[in-house]
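Colleague: Take a look at the letters that make up each chain.
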Amino acid sequence: MPQTLLDCLEARASDTPGRPAFYWDDLPVSYGDLWQGVNRFASLLVHYGVRRGDRIVIRLPNGPEFFRAFYGTLRAGATAVPVFPASGSNRIAALAQLCGARILVAAASDPGDPAGVRVVTVADSETQPVHGAFPVINPDDTAFLQYTSGSTGLPKGVMLSHRGLLTNIGQLIAGMAITADDCFVSWLPVYHDMGLILMTMVPFFLGARLILLPTTLANARPWLMAIERYRGTLTAAPDFAYRLAVRYVRDPSIYDLSSLRVALNAAEPVRPRTIEEFERAFRLTNVVIAGYGLAEATVGVCTWTPGVPPLVDARGVVSVGRAFPHVKIQIVDADQPVPAGQVGEIVVSSPANTRGYFSDDEETARLFWRGAYIRTGDLGYLDASGRLFITGRLKNIIKHGGETIFPQEAEQIADRLPFVRRSAAVGIESGGPEGEQLYVFAEVSKGAGSDEAAFQESAVQVVEAIHAQLGLRPGRVYLLRPHGIPITHNGKTQHAELRRLYQSGELRAGHAILFPGY
Amino acid sequence: MIEIDDVCRAVGLVLGRRDPKADDRLEADLGAESIDVLNIVVTLEQKYGVAIDESAMAHVATVRDLHTLVLNSQKR
Chain A
591 MPQTLLDCLE ARASDTPGRP AFYWDDLPVS YGDLWQGVNR FASLLVHYGV RRGDRIVIRL
651 PNGPEFFRAF YGTLRAGATA VPVFPASGSN RIAALAQLCG ARILVAAASD PGDPAGVRVV
711 TVADSETQPV HGAFPVINPD DTAFLQYTSG STGLPKGVML SHRGLLTNIG QLIAGMAITA
771 DDCFVSWLPV YHDMGLILMT MVPFFLGARL ILLPTTLANA RPWLMAIERY RGTLTAAPDF
831 AYRLAVRYVR DPSIYDLSSL RVALNAAEPV RPRTIEEFER AFRLTNVVIA GYGLAEATVG
891 VCTWTPGVPP LVDARGVVSV GRAFPHVKIQ IVDADQPVPA GQVGEIVVSS PANTRGYFSD
951 DEETARLFWR GAYIRTGDLG YLDASGRLFI TGRLKNIIKH GGETIFPQEA EQIADRLPFV
1011 RRSAAVGIES GGPEGEQLYV FAEVSKGAGS DEAAFQESAV QVVEAIHAQL GLRPGRVYLL
1071 RPHGIPITHN GKTQHAELRR LYQSGELRAG HAILFPGY
Chain B
741 MIEIDDVCRA VGLVLGRRDP KADDRLEADL GAESIDVLNI VVTLEQKYGV AIDESAMAHV
801 ATVRDLHTLV LNSQKR
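Chains as they are written, first to last, in this note's numbering: chain A, 591 to 1108; chain B, 741 to 816.
Any given hint might turn out to be false.
Partial list, computed: chain B residues near chain A (C-beta under 7 Å) [said to hold, decoys possible]:
| hint | residue |
| --- | --- |
| 1 | L753 |
| 2 | I775 |
| 3 | Q786 |
| 4 | V790 |
| 5 | A791 |
| 6 | D793 |
| 7 | S795 |
| 8 | A798 |
| 9 | V800 |
| 10 | T802 |
| 11 | R804 |
| 12 | D805 |
| 13 | K815 |
It is worth saying that the hints were derived from the structure and are not from the lab. We put the beta carbon where it would ideally sit given N, CA and C, even for glycine.
Throw the hints in and build the complete structure from the sequences for me.
Modeller: What follows is the structure, encoded as structure tokens:
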């Protein structure tokens, strides 16, 4: 059994060097080439003085370079910190500072050069002579930090060890009955847990085929075409991608997805209707399965069993299945476990659980319940046979296209704009195909102009600023009159009340909304 | 009559772009992602009180195509 992620790759490179580790752009990248690239990149890092445990920020999109940088970092004994490549340079600089990284791996064309950080490209390592000896890696070393949105507006770095990752890889394999004969098709971001762990580490571990696609899927066609062409058996995506495929593929009958065994639907609330419509449109039966997980448990906690019809409860919630092997799920209310059928906070105990957040003892202490369990912040219940249903969330977080955002992150960005008095970000689910979206409400000061053109400009600036920093665009930006955002007596934003006022139409009826008129 | 400039402004607002032109392509020129395209459609439906035929979205590339789609949706 491999003890570290590198053991897997090294064994594949020595046993089957010519075998493709993955296909990118329809071209195979062999384990032998990958391993050589990894060693070159590791040598470059050693040459730059990188030591065991150092953090290396990796800002690369899907593609072969990412894996050279990621595993090269691990090979040099360092900890990888993959980040959303579209993040703004302020955010990258802030992350680098939070984790104390002095090296940023970026694409050659990357213009960003945050102060105090050396920018390295994978191309820089191409002529690098391979260093003989690399540090010995301990299975409990932190392989990478998965940064997640934080309630204080600062992201938190979930520490994931080699041992935890290999444990979760085993759990995912068991839970979804994955074998070396599976063919993975993925466009999920490799810089994020589900895309990285389930969709690339699992196939590397098993030596299964992997067809990797770019994340820039403006429509579902390349994804569906790749499944058909490579006879893909396993894919994964958030609910919105399946909705998109159903809605915007004009003629689903031209795609033959009959090879699919598992299409995991996870990372945002799963709509039973999506499963039904996708399977009907593409003539599949019991292939789309709902799953649940979180970075603090490495990634996967449970999934529905492939091949079994989905289970939907009376409220229309689809079950995400039973806990993976060695995972224990409990439901807690007022700090006490509650019986089956009762809703409470979901807590999870697993050998793949994180030790905590990097250099953040306060948040780490808050994470655990009775020592062994992590608090997920999600609400749900277990039925009498231990099947989990997710009903909501405790934390005030927004799920936007598979990404988790704390309102505070968006608010801090909007609040920095000179014309914004106060802003509030909430998740709005309009019932449309876009799913829950980040909506930003910004009270604007009087001096900000009062004609349509000035409002348009202000609202564009809000979108621009959020996109530049978070790499995503809000579903809607509303400019409000001063005092349009409901607050408590202590001046705290009442997010739930704002959502209610907006959805009931009271916000508009009360003339709080200045712009736009829809 | 729904003016194309009006559609340009609505698209600009979703994408955080100042002056999208009628012939700008949503994805290639304006950098829209799949989720942004969904938001644009929902925005236009709300703004103009129309129901856009989703299957027609497969043929939308530019802002002008969107404008045509909104006009056609009005007729139905």
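Colleague: Hints first: check each against the structure and report whether it holds.
Modeller: Hints, one by one, checked against the model:
no., hint, verdict
1, L753, "6 Å, holds"
2, I775, "4 Å, holds"
3, Q786, "5 Å, holds"
4, V790, "12 Å, violated"
5, A791, "11 Å, violated"
6, D793, "10 Å, violated"
7, S795, "5 Å, holds"
8, A798, "4 Å, holds"
9, V800, "9 Å, violated"
10, T802, "13 Å, violated"
11, R804, "17 Å, violated"
12, D805, "13 Å, violated"
13, K815, "20 Å, violated"
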